[in-house]
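Chemist: Quick mapping for you: the protein sequence lines, in order, are chains Y and F. Going left to right, the first sequence walks through residues 1 to 466 as the working numbering numbers them. Going left to right, the second sequence walks through residues 1 to 466 as the working numbering numbers them.
Source of the hints: derived by calculation from the structure; they are not laboratory data. Every residue, glycine too, gets a C-beta built ideally from N, C-alpha and C. There may be inaccurate statements among the hints.
Stated by the list, open to error - Which bits of chain F does chain Y cover? Going by a derived footprint, with three or more residues having C-beta under 8 angstroms, they are:
no.	region
1	14-27
2	107-116
3	226-233
4	282-289
5	389-397
As the list claims (entries may be wrong) - Derived, one-sided and incomplete: chain F residues facing chain Y with beta-carbon distance under 10 angstroms:
no.	residue
6	161
7	215
8	420
Protein chains: 2
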Amino acid sequence: MEPNVAAAKEALSHLEIETSDSAIRANSRDFFWYSPVLKDRLDHVTADFVVRPKSEAEVIEILKTCYAHDCPVTTRGAGTGNYGQAMPLAGGCVMHLRHLDKVKEIHAGRVITEPGVLLKDLDAACKEHSGQEIRMFSSTWATATIGGFIAGGSGGVGSCTWGSLRDLGNIIRLRVVTMEEEPRVLEFRGEELARVSHAYGTNGIITEIEMPLAPAYDWTEMFVAFDEFTSAMAFAEELANHDGILIKLANVFEAPIAHAYFQRVKPHVEAGTHLVGLMVAPHSLDGFLTFLGRRPEATVIYRSDDNDWARGPGPVFEYGWNHTTLRALKVDPSITYLQVRYGFPNHRDLVERMRTEFSPEVLQHLEVLKEGGKVIFAGLSLVKFTTEDRLDEIIRIHEEAGAMIFNPHRYTLEEGGRQTVDDRQLAFKREADPKGLLNPGKMIAWDDPDWSYQSMYAYPKLQAAE
Amino acid sequence: MEPNVAAAKEALSHLEIETSDSAIRANSRDFFWYSPVLKDRLDHVTADFVVRPKSEAEVIEILKTCYAHDCPVTTRGAGTGNYGQAMPLAGGCVMHLRHLDKVKEIHAGRVITEPGVLLKDLDAACKEHSGQEIRMFSSTWATATIGGFIAGGSGGVGSCTWGSLRDLGNIIRLRVVTMEEEPRVLEFRGEELARVSHAYGTNGIITEIEMPLAPAYDWTEMFVAFDEFTSAMAFAEELANHDGILIKLANVFEAPIAHAYFQRVKPHVEAGTHLVGLMVAPHSLDGFLTFLGRRPEATVIYRSDDNDWARGPGPVFEYGWNHTTLRALKVDPSITYLQVRYGFPNHRDLVERMRTEFSPEVLQHLEVLKEGGKVIFAGLSLVKFTTEDRLDEIIRIHEEAGAMIFNPHRYTLEEGGRQTVDDRQLAFKREADPKGLLNPGKMIAWDDPDWSYQSMYAYPKLQAAE
């Protein structure tokens with residue numbers, strides 16, 4: 001099987017093909033550079049061509065044509081992922097779904113949409129239609145697509161109430177095109193959703209999405225300052241445990257994150273300030289203020305509906321999730337991060353232990369998350385990077401302490417996930433992508449079923465750096 | 001202080017006064033007869049007159065007038081409470097708020113209403129206006145008022161998601177009239193709400209209510225059958241722990257409750273069937289069915305949107321909360337009940353222990369409830385009543401095992417609650433009802449501050465039975 005990329009490109013030349021080298025390069029990259037490890041491995045990766053289908057029919061044509069010519073196809077939305085998930089390791093075709101941007105139907109509690117719609121545009125359409133919005137979104141809401149979020153994300157703003165994308169009920173239906181001689185169009189619900197959600201487009205291309213909706217409110221965004229990290233962490237968790245106070249975001253930033261990296265917040269905090277970011281429903285504000293009044297250690301320094309800041313901070317959610325890392329990176333390029341799961345019921349203890357062990361080399365950034373009906377923390381810890389060996393050691397110490405790591409310094413599904421093969425995704429790839437042309441190099445189980453996970457996987461067909 | 005009831009009635013004669021003896025008697029009763037103990041003590045209780053104000057101004061006039069004549073005032077909504085909370089133990093005036101039934105304002109996430117609106121009418125107005133509904137309601141939704149629910153209730157359908165009325169955020173604001181020489185009108189928020197919510201109208205009269213709203217959905221109502229009680233209980237709890245599946249009700253009925261007492265359900269179950277009742281949001285049905293598919297021990301026997309029952313069961317929520325007791329009582333008048341709190345994390349073990357100890361004398365009826373961010377059970381156990389001594393013994397054994405009892409066989413706030421004085425309510429009664437004329441006999445702390453709680457409190461001024 002020898003790819004004939006040129007033939008595929010030629011056969012698709014009547015579609016919208018990107019020809020500029022700089023645009024092809026730009027469309028071959030995502031936010032992999034958050035990781036110095038991935039930056040080292042993937043910086044040179046480039047597609048041979050980029051195509052932008054305008055309909056599901058064109059998606060089918062592209063997959064069928066590339067199948068015929070054995071041309072790899074890596075699908076992307078906006079490319080805001082951090083795991084290199086949208087990068088074409090073996091070159092070939094990048095299929096960009098930005099033109100599949102129609103919101104098709106909106107009903108009470110659900111929306112049917114194409115995958116290329118920006119999250120913010122999807123929310124705008126749902127709010128305009130009936131005062132609704134999606135349950136959760138990534139901090140890249142303004143630039144990311146709903147398809148990319150589902151194929152490459154796990155949760156985000158709203159997960160403090162609704163849990164993660166993988167949880168039952170947070171995706172209703174996905175329509176998927178396979179990469180076969182004659183591509184099939186399949187509808188997945190229920191157990192089948194796990195085949196292709198968070199699969200990086202390795203085993204099918206999502207062309208339609210049905211998602212649950214929640215009511216849209218004019219969330220009151222806040223920053224709350226603390227002198228003690230422990231108080232800040234307790235505040236965020238206890239607030240999330242108040243069933244009658246509706247929130248969309250609660251996160252915790254260990255000092256000096258706010259002072260060092262949040263430039264518009266800096267004038268309002270000290271280096272020693274630990275910060276909590278919040279989004280609270282306006283009709284829950286009274287309840288929140290009552291909760292606040294019981295905690296004199298907490299000081300609200302910013303309210304989006306009432307503040308005297310000369311320069312506003314912008315959306316508070318753009319300080320959370322992976323935007324925290326982005327803001328830190330802009331100030332200090334040596335910063336990278338980890339993704340950690342601090343599970344119930346020992347989550348607070350575990351955070352304290354990791355903080356004792358590593359601060360300030362590793363600074364705690366926690367996102368409140370619901371998992372199995374309990375409040376837990378997702379850690380997106382900021383790491384002062386020195387060497388890959390030290391990074392691996394930090395990860396090992398977390399894992400030995402019982403803090404699960406979703407390693408963002410790896411480009412495979414397994415290493416970035418739970419470090420085990422997902423049999424459902426693998427089985428479906430065998431069926432839907434028999435030639436292994438979809439996003440090659442991202443599923444170890446496909447390329448090297450006996451891989452031991454003792455060291456970083458290196459995809460053998462990764463483009464050579466020049 | 002000698003009440004001059006006749007003078008008060010005369011002074012209020014220009015208002016809507018009920019004169020028929022049978023209507024006065026009907027308006028002097030609530031659902032106290034669920035309890036054989038209360039039935040024994042309170043069956044003869046009757047007001048001297050009933051007045052139905054049409055405005056807050058008339059409420060003020062009634063309170064001012066009755067204050068002047070030392071006439072007790074017991075306020076009621078629809079009288080669907082089970083603790084005798086709306087019964088005028090010392091006679092005097094019953095003030096019925098049914099004409100204060102205006103829904104004043106509806107906004108995104110909140111409603112402002114008068115107290116006498118029926119829960120179903122409030123929901124209808126909110127749904128019509130903007131597809132919203134109240135977060136929680138009692139199973140007496142069709143007949144109870146919002147004011148009565150707040151003054152005399154604790155939670156209900158919706159509490160599996162939103163927690164209890166007392167939780168921060170579940171009531172936004174209450175407007176309250178005091179009973180003084182010159183009644184004052186006060187606005188309570190935050191910490192102040194606890195003064196008068198669930199105070200049986202003993203220390204102020206609620207004339208306006210601001211409540212949070214949730215989106216209204218066409219909830220799919222279901223019954224799910226199990227052969228094993230433990231499976232049914234696990235099913236209800238695990239479902240409630242799925243953060244992405246939105247539910248409004250989850251309850252568990254030990255066999256043979258469904259077969260013995262749910263007449264329209266009876267043809268579809270066996271005597272040994274343990275039943276779970278559910279309300280699931282329509283956009284969560286796919287998630288629910290996936291959850292269901294993993295549990296072959298569960299059999300859906302009824303879906304409101306798809307069934308072949310010759311006679312439908314009516315709303316599934318009318319089988320839950322206190323309607324379970326009502327249905328059992330209609331079949332077997334010797335049935336009464338308990339209200340039990342099975343707290344996290346030992347709730348399931350505690351239920352099993354009580355079941356082992358008492359079944360079938362006490363049958364488990366559990367309502368899934370959120371408390372402090374955790375799923376717990378409220379037990380409204382059905383009790384085959386024999387003697388008061390045995391009932392007290394059953395209660396004692398529950399309490400000794402760690403299952404808190406809110407004793408529905410007592411008419412005082414303290415005994416029906418946590419058996420401790422609520423200092424906030426007592427302090428506010430001193431301020432707002434200096435003569436102690438509001439719903440006399442319901443607050444032990446007012447009448448007998450040194451009461452030991454070793455036996456059932458007997459209000460000394462309780463009307464004598466004839």
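Chemist: For every hint, state whether the structure bears it out.
Modeler: Do the hints match the structure? See the list:
Interface restraint, the region 14-27 of chain F with chain Y: violated (0 residues with C-beta to C-beta distance below 8 angstroms; minimum three). By the rule of at least three residues with a Cβ nearer than 8 angstroms to a Cβ of chain Y, the coverage given for the region 107-116 of chain F holds, with 4 such residues. Check on the region 226-233 of chain F: 0 of its residues sit with their Cβ under 8 angstroms from a Cβ of chain Y, so the three-residue criterion for coverage is violated. Check result for the region 282-289 of chain F against chain Y: holds, 7 residues qualifying (beta carbon to beta carbon below 8 angstroms, three or more required).
For the region 389-397 of chain F, the stated coverage by chain Y is violated: 0 residues have a C-beta nearer than 8 angstroms to a C-beta of that chain, whereas at least 3 were required. Given hint, residue 161 of chain F at the interface with chain Y, holds; its Cβ is 7 angstroms from that chain's nearest Cβ, closer than 10 angstroms. About 5 angstroms separates the beta-carbon of residue 215 of chain F from the nearest beta-carbon of chain Y, less than 10 angstroms, and the hint is met. The closest approach between the C-beta of residue 420 of chain F and any C-beta of chain Y is roughly 20 angstroms, which is over the 10 angstroms cut-off, so the hint fails.
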